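4 protein chains.
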Amino acid sequence: MYNFRTDLASERRDIYQKANNLEQIDGIEATKEDINENIKVERVKITNENGEKAIGKPMGDYITIDIQKLKIAQEEELEKAGEILANELKTIVAKHVDSQGEILVVGLGNSYVTPDSLGPKVTNEIEVTRHIINYLPQYVEEGTRMVSAIAPGVLGTTGIETAEILKGIVDNIHPKLVIVIDALASRSIERISSTVQLSDTGIVPGAGVGNTRNEISQKTLGIPVVAIGIPTVVETAVLVNDCLDLFITKLQEEAKSNDYLNQLKQEDNYEEIKEALVPKDYNLIVTPKEIDDLIENMTQVVATGINRAM
Amino acid sequence: MYNFRTDLASERRDIYQKANNLEQIDGIEATKEDINENIKVERVKITNENGEKAIGKPMGDYITIDIQKLKIAQEEELEKAGEILANELKTIVAKHVDSQGEILVVGLGNSYVTPDSLGPKVTNEIEVTRHIINYLPQYVEEGTRMVSAIAPGVLGTTGIETAEILKGIVDNIHPKLVIVIDALASRSIERISSTVQLSDTGIVPGAGVGNTRNEISQKTLGIPVVAIGIPTVVETAVLVNDCLDLFITKLQEEAKSNDYLNQLKQEDNYEEIKEALVPKDYNLIVTPKEIDDLIENMTQVVATGINRAM
Amino acid sequence: MYNFRTDLASERRDIYQKANNLEQIDGIEATKEDINENIKVERVKITNENGEKAIGKPMGDYITIDIQKLKIAQEEELEKAGEILANELKTIVAKHVDSQGEILVVGLGNSYVTPDSLGPKVTNEIEVTRHIINYLPQYVEEGTRMVSAIAPGVLGTTGIETAEILKGIVDNIHPKLVIVIDALASRSIERISSTVQLSDTGIVPGAGVGNTRNEISQKTLGIPVVAIGIPTVVETAVLVNDCLDLFITKLQEEAKSNDYLNQLKQEDNYEEIKEALVPKDYNLIVTPKEIDDLIENMTQVVATGINRAM
Amino acid sequence: MYNFRTDLASERRDIYQKANNLEQIDGIEATKEDINENIKVERVKITNENGEKAIGKPMGDYITIDIQKLKIAQEEELEKAGEILANELKTIVAKHVDSQGEILVVGLGNSYVTPDSLGPKVTNEIEVTRHIINYLPQYVEEGTRMVSAIAPGVLGTTGIETAEILKGIVDNIHPKLVIVIDALASRSIERISSTVQLSDTGIVPGAGVGNTRNEISQKTLGIPVVAIGIPTVVETAVLVNDCLDLFITKLQEEAKSNDYLNQLKQEDNYEEIKEALVPKDYNLIVTPKEIDDLIENMTQVVATGINRAM
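These protein sequences, in sequence, are chains C, X, V and H.
Residue numbering for the first sequence follows numbering that gives the first Met the number 0, beginning at 0 and increasing consecutively.
Residue numbering for the second sequence follows numbering that gives the first Met the number 0, beginning at 0 and increasing consecutively.
Residue numbering for the third sequence follows numbering that gives the first Met the number 0, beginning at 0 and increasing consecutively.
Residue numbering for the fourth sequence follows numbering that gives the first Met the number 0, beginning at 0 and increasing consecutively.
It is possible that some hints are incorrect.
To be verified - Here's a subset of chain H near chain C, in silico, CB distances under 10 Å, partners left out: (1) T113; (2) I188; (3) T235; (4) L238; (5) V239; (6) C242; (7) L243.
To be verified - Beta-carbon label-pair distances, calculated as ranges: (8) N35/H / Q137/X: 40 to 50 Å; (9) Y138/V / N35/C: 19 to 29 Å; (10) M58/V / N213/X: 53 to 63 Å; (11) Q137/C / D13/V: 31 to 41 Å; (12) E75/V / R307/H: 47 to 57 Å; (13) D244/C / T46/H: 40 to 50 Å; (14) R307/H / K218/C: 36 to 46 Å; (15) N35/H / L135/X: 25 to 35 Å; (16) N213/H / H95/V: 30 to 40 Å; (17) Q67/H / D244/C: 28 to 38 Å.
Treat the hints as calculated values from the structure; they're not laboratory data.
Only a predicted model underlies this, so the values are computations on that prediction, with no experimental measurement involved.
We put the beta carbon where it would ideally sit given N, CA and C, even for glycine.
Full structure from sequences and hints, please.
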């Protein structure tokens, strides 16, 4: 399988189409919509196994909301973006549970590492109702949906697979659907903390590789899993690799029919670059200096989105 | 039952003895040890139901380590304090599981509220081994104990009782013992972030009240629970109440045989004071301004203690 | 002079009136206005030396804006509160400089201590224009006021009196007016991070004591100083003292003509209580657990207020 | 002048030597010393104008301390590194003032932006004595040096050139020497928060460009300025540029005598790459995910170093 190095279905589709010179991919449908000049929504639907194989993502819906200039967004625009996410989320949740089905919100990531803290921060802002409905039902309107929220931490600091932790909790408190918030990798710097991907297929790292250890999905938890993914990092080596591709393309265009360069282009230089650039023990990322503000804004958007949808 | 308004067995015993003019309490044994001029260890053992009833804590061992001047402690002293905690913890853990019995460390509290963040911060510093033993056994010495760690959050932000979350995780990953780190209330300002209480009875809020909903103990989890509690707050109303008691004592000593004041002394003025002092919707605490530094220091002590004990 | 233990002119006036059974104080004028059900504005004007002596504050205007329920305020209400502050600030600034007079905003306090970090946090949010007007004048509208901002730190961490630091900067960059943001002490818990006091008399600690070392005012800086003060702490001993006063009043009402208690009431128990309660080396405060959120909200209010006023 | 894109004299010297195929540069002397297996010290001395022009740094001493594996350093190693820095600093300070000459420590950078917060954090840890010597001389040993510290903020949030702020303070409190702590750019990822550069030439951005506006040096402040610089970032575009250079070298080695590629190599691709990679309004950096921990460690090293040297 092609190594996409992005978790966004929309980017994978573009890469696959371009690499294979296709106008369309069998098993993948896509539509775009401009909400306003700053917000765009793209809907990618993987409809069969061919689509699955092409871009290495399971069948299901993938909705990408791009918010331009989130960094400098005013209060109103954050509200607007939250509202749009709320609408999309409502629709995708309604496909799987009724309006009273209990929901567990899960914020993945490490709250002590800024670019990885978005999940836990969002969790902290969720208006949970489960305990109020259980202990103080007179304080909530009848028919209010039970919502609970947890930030289980990451394997490196817990020593436990997140899927194992969630399996235990789900089996014990019996929600009807899980919403997982996760930081994603993207190929595009513009998308850092400015794009939201919604999907109903859960989180399936290393899709198709047969390793379901880390999978957070209906298969492992037994209930539907809606994933909200936000790109927060671009790997340096990916950037440089993309840059070298552009460079070689330029060389080829000017120095035509150079076998050696043709061959180079077909190689995947990623591991080599990574080896060269990244010193042992370092975990390098490209991040905007303004990451803290961006994450504050995005936290508000996603929390508003979820709260409104509930 | 007497309302002690402290979670420290050692303080409760002092209050009970003084209030009842006792030299000793049936069912409670206690010994003190001065480790050095800055560190003192007190061991309280509750041996029967009478002891339980007297101070409202379940039978078991309660070890209090007082560290003077932790706030201004140097690196070496932090090391020393960590070592002493490690020794006590090793002993108490060894009473319940063998040296290879898997342990789950649980940090209670809210990482986003400074005086309540000690549990999650400690959790973050635990050297977890469970995932390494499972996936990369060649990187750890044979016989290494499996350790995992989690910070489950608080009811107000998760909507789920912490005991429920832990029950689910324990049933799914099967540790042999749980260590819980918790922020406690104390009556003494000197003890804020300067005292550690170790016990093997778990965490039993509202002991004896018949409400086991929040209990984190062998009864609810099915495995032994060692609790590490650190006082981080003193309630304002407790302080003022204590102060009024002192004041009335003074009045009585000087204005002898005043029935009215005698009567007052017997009343519990706490609710009244709390009502008067605490405006609605506020959750007031007395805290040293230096709480952040104190917590940094205490985090290092507790994490070192646990890591060394493992 | 009476020891008010509050920096709010409005509270001092109330205390002085009550203690002296006065309907009005010569040299002090006051009016109240309810902006809406959540926001009240009180204007205290000290008009002569008698008023100065009565409440220990220099002649000038003191405007107190009380914002109820700031803790749970929504975005709109924060906007509204910011707008009201902006209006009051505009008026008070206009008394001293014209609309183009350069302003230096100074955030007092320690950014590393939560209840003391409001000044520096506000400073960080000020829209400074001085460098843009100097280097990129084409990017700002003609007539834009020069604004700069600094957070000079506190004596304990700088070793330099704040007034000395500011004197040096003012003499070098020549603003026409200074706005100082400062954390205040109040006697009322409800006012923690919910009240703003505006005044045009600068900051004069230990007013009237003849020690002008710490004074940040026209006298020391040579230009007008507008102060924005926000109560962020109430001292525990003040609370307990107030409580004891109430208690003794109650005793007296019921056990009439008790000379001993009369005498007690006249004593200032503060130092005694402080001695008893506060262990050496600790700097105790009563603070709402939600202080971080309160400060976030208040930061937005004050920054919006200043930005709009400029 | 060659565009070095590093603030380290040591890296500039290497680049210049390599680019010009020199064994030695007239006007630059250098010696290396291995303190232990983890710590290396390099001393570069620029002795004349030729050396100045070659690497674009003013005449003076530049000492680089490289600390390997700082990220995972234990307490003892941090102590050791602090001690070495202390020794170098003592020597360089003693060249300019006597042992009682008052010193002002200045931490440049923005405390609210993690990779830029090192200066302010160090400042906060400095043991200042100026106010104690002034107000409580009985509490310090006779002959104690006056030390004060300030974190003046950055132009973007203050609107005032840092040199202007410092000029005002220096003129008002009259220290004999300034120590400036600053975050630097480096070409090498290994050096992020692991290298310290000491120099006695102050901070001269855009050296030789004739713009002394931002210069913090004896020329602008009138007293000697010792600079402590720590690389905290590497620009993405620099990385990619370096990578392309390596790549082209490889192409050339294999596809010899290719005029086109030779020409490419001579071009500076930096602006082009930056243009391509960096979207407008973003300020991209390459940073280790562990930046917070690294900075904690480095803060301790530098603060210990300064405190010991005083």
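Taking the hints in turn, this is what the structure says about them:
Interface restraint check: T113/H against chain C, minimum CB-CB distance 6 Å, threshold 10 Å, status holds. For I188/H, the interface hint holds, the least distance from its beta-carbon to any beta-carbon of chain C being 6 Å, beneath 10 Å. Interface restraint check: T235/H against chain C, minimum CB-CB distance 5 Å, threshold 10 Å, status holds. Among the interface hints, the one on L238/H holds; its C-beta lies about 6 Å from the nearest C-beta in chain C, closer than the 10 Å criterion.
Interface hint at V239/H: satisfied, since its Cβ lies 5 Å from the closest Cβ of chain C, which is below the 10 Å cut-off. At about 5 Å, the closest approach between the beta carbon of C242/H and any beta carbon in chain C falls short of 10 Å, and the interface hint on this residue holds. Of the supplied interface hints, the one on L243/H holds, with its beta-carbon coming within about 6 Å of a beta-carbon of chain C, less than 10 Å. A C-beta distance of roughly 30 Å is found between N35/H and Q137/X, which places it outside the suggested range of 40 to 50 Å.
At roughly 26 Å, the beta carbons of Y138/V and N35/C sit within the given window of 19 to 29 Å. Between M58/V and N213/X the beta carbon distance is about 57 Å. The supplied range of 53 to 63 Å therefore holds. Distance hint for Q137/C and D13/V: a CB-CB separation of about 39 Å, consistent with the stated range 31 to 41 Å. E75/V and R307/H have their C-beta atoms about 54 Å apart, which keeps the hinted 47 to 57 Å range intact.
Checking the proposed 40 to 50 Å range against D244/C and T46/H shows it holds: the Cβ atoms sit about 46 Å from each other. At about 59 Å, the beta-carbon gap between R307/H and K218/C misses the expected band of 36 to 46 Å. The hinted range of 25 to 35 Å is satisfied by N35/H and L135/X, whose Cβ atoms lie roughly 30 Å apart. N213/H and H95/V have their C-beta atoms about 32 Å apart, which keeps the hinted 30 to 40 Å range intact.
Between Q67/H and D244/C the Cβ separation comes to about 34 Å, which falls inside the hinted range of 28 to 38 Å.
The structure fails to meet hints 8, 14 from the earlier list, while all remaining hints are met.
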